[in-house]
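Asks: Chains A and B, in that order, are what the protein sequence lines are. Heads up: the first sequence begins at 153 in this note's numbering, then just goes up one per residue. Heads up: the second sequence begins at 1385 in this note's numbering, then just goes up one per residue.
The hints are all genuine.
Partial chain B-side listing against chain A, Cβ under 7 Å, derived: (1) Leu-1457; (2) Ser-1473; (3) Asp-1507; (4) Leu-1508.
Below, in silico cross-link-like pairs of lysine-lysine (DSBU-like), each with a Cα-Cα straight-line distance of 35 Å or less: (5) A:Lys-257 to A:Lys-195; (6) A:Lys-257 to A:Lys-242; (7) A:Lys-307 to A:Lys-414; (8) B:Lys-1413 to A:Lys-195; (9) B:Lys-1418 to A:Lys-194; (10) A:Lys-194 to B:Lys-1413; (11) A:Lys-183 to B:Lys-1418; (12) A:Lys-195 to B:Lys-1418; (13) A:Lys-183 to A:Lys-195.
Since the hints were made in silico from the structure, they are not lab data. Think of the CB as a built atom: it goes at the ideal place given N, C-alpha and C, for glycine as much as any other residue.
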Amino acid sequence: MKEVVTYRFRDLLALEPLSAAELTFLLDQSKPFQEIQRHPLKKLATLRGKTVALAFFETSTRTRISFGTAASRLGADTMNLQAEASSLKKGETLLDTAFNLNAMKPDCLVMRHAASGAPDYVARHLDIPVVNAGDGTHEHPSQGLLDALTIRDRKGTIENLHVTILGDLSHSRVARSNIHLLGKFGCRFTLCGPAMWVPRELEHIAPGTSIRSVYKIEEALEDADVIIMLRVQTERQHEPSISANDYIHGYQLNAERLKRAKPDALVLHPGPMNRGIEITPEVADGPQSCVLEQVTNGVAVRMAILYLLIAGDAGDGTHPAAQSPGTPTAHNRRATDRAADASVLKGKDC
Amino acid sequence: MKIIEKAQLMSAAEIDRTLQRLAHEIVEKSGGTKHLALIGIRRRGVPLAQRIAQAMRGIDGVEVPVGTLDITLYRDDLSKVAPQAVLQSSDITFGVDGMNLVLVDDVLYTGRTIRAAMNGLFDLGRPQRVSLCVLIDRGHREMPIEAQFTGRVVQTSDTEIIEVRLREIDNEERVVLVDRVE
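So here's chain A without its partners, still in its complex pose (with noise of 0.2 Å):
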């Protein structure tokens, strides 16, 4: 009998330790999502009564919004902590604040902190599925798989691709998750921007995968099928950082350069954009920018991890996947096979 590949971790915290089979199966699994986002009532009651935690401890609009309705067109209840809002300002530890999230009872925490490792951290420490919705510079997993779904749906394959990631990669988790799920199917990367912005040890984050960094943005587009824009962050930046005038002269994605590209390339940019600096609205606008299917695909793709890690709960607490509840355990659980079970999918029979 084939096997069934299924999504057996507990949490979700990043992509890298994720094997080709298993992140197109997350993919596959967005797909259904992606057909409700286009019925008139796109609410479901699947996780009807379940709870999602919302935990920002770093500002966010896009990424909280997009994971809040994904849980409620699922049913879910959610629940929000700002960082602004919160009682961090006043003192209390992450486990502190995550173990009186937990003592509400959600059935998951979705965390974003400016710590890399984080959501890691407090994962170990609770016996509800964690998703990181970005940590510091290391991952933004649910990032990465909307990419993916994207570049997928308008191509047909996200397999031996020519990827151009352009901007801030020092400080991008982003470009993280990108290199290591593009990077399983054998897709090859160019990374640009300004020096202080493209660290070498980037080229070797994923052993196996061809990483080369480039300084001249017309070199990174020559031959690009897919061409990754980032933000230039601000709030991550502690050293003096180049000028907008000249990153714009150096590095601004404009109709001109993309035409060094393969003419059927796409432009992706997990926003918010900083129009007129490192894009122009000509590309941000253009037939070759995905920038708006992304963010519909986003909500696609929460649904499904939030789907996968929450139904499936028994309902008592204790996660299947959980085998020992409150104690640490291994880096990235991994689920009983009850999960794999899939001979009780099949005689359905009712």
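Start from chain A and add chain B according to the hints.
Replies: Just chain B now, kept in the frame of chain A:
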């Protein structure tokens, strides 16, 4: 626990004749094929719906639209059945508003699948009428749901399972009654 095959309920030829009859019944009761569409419930309802549509082509010469519906997201027993029920795509490319829809499934049992399918359908719009066509009705209903078009009614016990095996999915074509024995 062992699963033993107790009896063959239908041969390939019987399945074919039954589907032909169901196609005629649906067209007759609907007064033609206007606004008529079939919705196959995944998985085995899908090939059945396609075959009924093909039979209707022979009756009326008309192409009746066929959609497919995956009811996983609308189940009421997600946590009991499978920790991760694998989702399939639904594919209904026509508008359902004002349509005369016939849901098609292989076996009607508790009625919960049909309840879920109706929830799914009504998220797409407001059909004029929804009826149900099944190859086998095995009883044991837990919902106030009945089929308007039934291939065969079979009395079963709780431990028995009816397996509809179709060439598109199972590489064989017959309906069997199996039993679980300790």
